[in-house]
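Participant: Here is how the chains run, residue by residue.
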Amino acid sequence: MGVYLKGFLIACKGIPATVGVSMIAIILGAALGLLLALCSQTKSKALQVIAKIYVDVVRGTPMLVQALIMAYGVPWLIQTWGVNFTWPSLVIPATMVCGLNSAAYLSEVIRSGIQAIDKGQMEAARSLGMTHGMAMRLVIIPQAIRIILPAFANEFVTLIKETSVLGYVGVIEILRRGQLWNASSFETFPAYIGVALAYMILTIPLSKIINGYERKMARKEAA
Amino acid sequence: MIEVRNLKKSFGDLHVLKGIDQTVNDGEVLCIVGPSGSGKSTMLRCINRLEEPSSGEIYIDGELITENNIDKVRTKMGMVFQSFNLFPHKSVIENLTIGPVNVKGVKEEEARAKGMKLLERVGLAEKAEEYPRMLSGGQQQRVAIARALAMDPEVMLFDEPTSALDPEMVGEVLDVMKDLARDGMTMVVVTHEMGFAKEVADKVIFMDDGYIVEEGSPQAVLENPQMERTKDFLSKVLI
Numbered sequence: 000m001g002v003y004l005k006g007f008l009i010a011c012k013g014i015p016a017t018v019g020v021s022m023i024a025i026i027l028g029a030a031l032g033l034l035l036a037l038c039s040q041t042k043s044k045a046l047q048v049i050a051k052i053y054v055d056v057v058r059g060t061p062m063l064v065q066a067l068i069m070a071y072g073v074p075w076l077i078q079t080w081g082v083n084f085t086w087p088s089l090v091i092p093a094t095m096v097c098g099l100n101s102a103a104y105l106s107e108v109i110r111s112g113i114q115a116i117d118k119g120q121m122e123a124a125r126s127l128g129m130t131h132g133m134a135m136r137l138v139i140i141p142q143a144i145r146i147i148l149p150a151f152a153n154e155f156v157t158l159i160k161e162t163s164v165l166g167y168v169g170v171i172e173i174l175r176r177g178q179l180w181n182a183s184s185f186e187t188f189p190a191y192i193g194v195a196l197a198y199m200i201l202t203i204p205l206s207k208i209i210n211g212y213e214r215k216m217a218r219k220e221a222a
Numbered sequence: 000m001i002e003v004r005n006l007k008k009s010f011g012d013l014h015v016l017k018g019i020d021q022t023v024n025d026g027e028v029l030c031i032v033g034p035s036g037s038g039k040s041t042m043l044r045c046i047n048r049l050e051e052p053s054s055g056e057i058y059i060d061g062e063l064i065t066e067n068n069i070d071k072v073r074t075k076m077g078m079v080f081q082s083f084n085l086f087p088h089k090s091v092i093e094n095l096t097i098g099p100v101n102v103k104g105v106k107e108e109e110a111r112a113k114g115m116k117l118l119e120r121v122g123l124a125e126k127a128e129e130y131p132r133m134l135s136g137g138q139q140q141r142v143a144i145a146r147a148l149a150m151d152p153e154v155m156l157f158d159e160p161t162s163a164l165d166p167e168m169v170g171e172v173l174d175v176m177k178d179l180a181r182d183g184m185t186m187v188v189v190t191h192e193m194g195f196a197k198e199v200a201d202k203v204i205f206m207d208d209g210y211i212v213e214e215g216s217p218q219a220v221l222e223n224p225q226m227e228r229t230k231d232f233l234s235k236v237l238i
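Sequences listed follow chains A and B, in order.
Under numbering that gives the first Met the number 0, the first residue of the first sequence carries the number 0, and numbering increases by one thereafter.
Under numbering that gives the first Met the number 0, the first residue of the second sequence carries the number 0, and numbering increases by one thereafter.
No lab work stands behind these hints: they were computed from the structure.
Just so it is clear, the structure is predicted and the values come from calculations on it, not from any experiment.
We put the beta carbon where it would ideally sit given N, CA and C, even for glycine.
One thing to keep in mind: the hints can contain errors.
[As the list claims (entries may be wrong)] Here are some chain A residues pointing at chain B (derived, C-beta under 10 angstroms):
#1 G119
#2 S126
#3 G128
#4 K219
Put together the whole structure using the sequences plus the hints.
Facilitator: Below, the structure written as structure tokens:
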């Protein structure tokens, strides 16, 4: 039993990296996702197309490939321009990729949240003399956030699991900790079970909170 | 004063307004009646540009309403919707202060004090801290009227304000509107409430198929209509 506990504890050492990257990435993703969602809703065809292409490209490629491009491809490219560039830490491109990646998914979540708000809300806000931006900020987005929250938290859970590919670009996160220990101890099964448990103590409580919130919202609506 | 000049509006191939001319003087109550699909609501929504006119001009106090001055113009025109459209994430009093505070830069306390007065006026002061979903339809619509009044508008636009209400709640909303009319508010009201139009309107227009078919005093249009289409419509709605 001790060996399983050890595997779990070693994997847990990767939690700060996994959670840190995920949290910064989800904030980045939310900000950029909101921007993309607003772009896709503007009258400007150019902005709509840019947002669409961004989402298609990101959703159409594996995150591991994106991470490899960002961590190793981008420095290589910049070096060919004669600039001596390396990432100060590979955590930086890894976090950026996670943020850029979740932005694509979150933009869809945010867009559908905004669209779920009755158009009478925008009309009422505009009829009071609010500009479009003011109406979005004061009336539409605060209401959309309540709708979006569960999907947003689900994306966070997904992101936590997806960061497991970041070991390939030099981030010592949960999976990487387990792999390294496995390589030195050959305790293969306990090592990976420990990794799985370390992810579960993050994701399962989060999922429970989301479910609770959704049930609360459903009750509120029924009332 | 509102002047509508040769207003036309099409949605694709559908011509909803085919040339509307109308003047509403200060302190006047204009009621617009007619069958659904006749363009009544579209006309009203063109006045504050919730719908962009396809052609024609609308002036308020002699000033042409354009894309550029519309936000300012809207602060002078209160709008009340069929489906209330209160902000559900804001309390009743916050629904009344959000406009003045954010659009006109009125101080929070000042807007609150004024909001409370308006809620008293519509008989809902005790509901100030509640949320819209706790209120009945009639109460919500009264709050919506108070919200529009909080901006100190010169004109109030009403888009079928009682059509979404249970019958027993129509009276309380009409009473608030009558009270407003008595105070000399300039009002444009799209309505199916012929009794209200007869009692309160200075002028009634009957619209059908994108045109103003008949206009005049409520007695003339509603009790002694000259046009066949008006007669036909009224024979169906009046008891």
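Participant: Of the hints stated earlier, which fail here?
Facilitator: none
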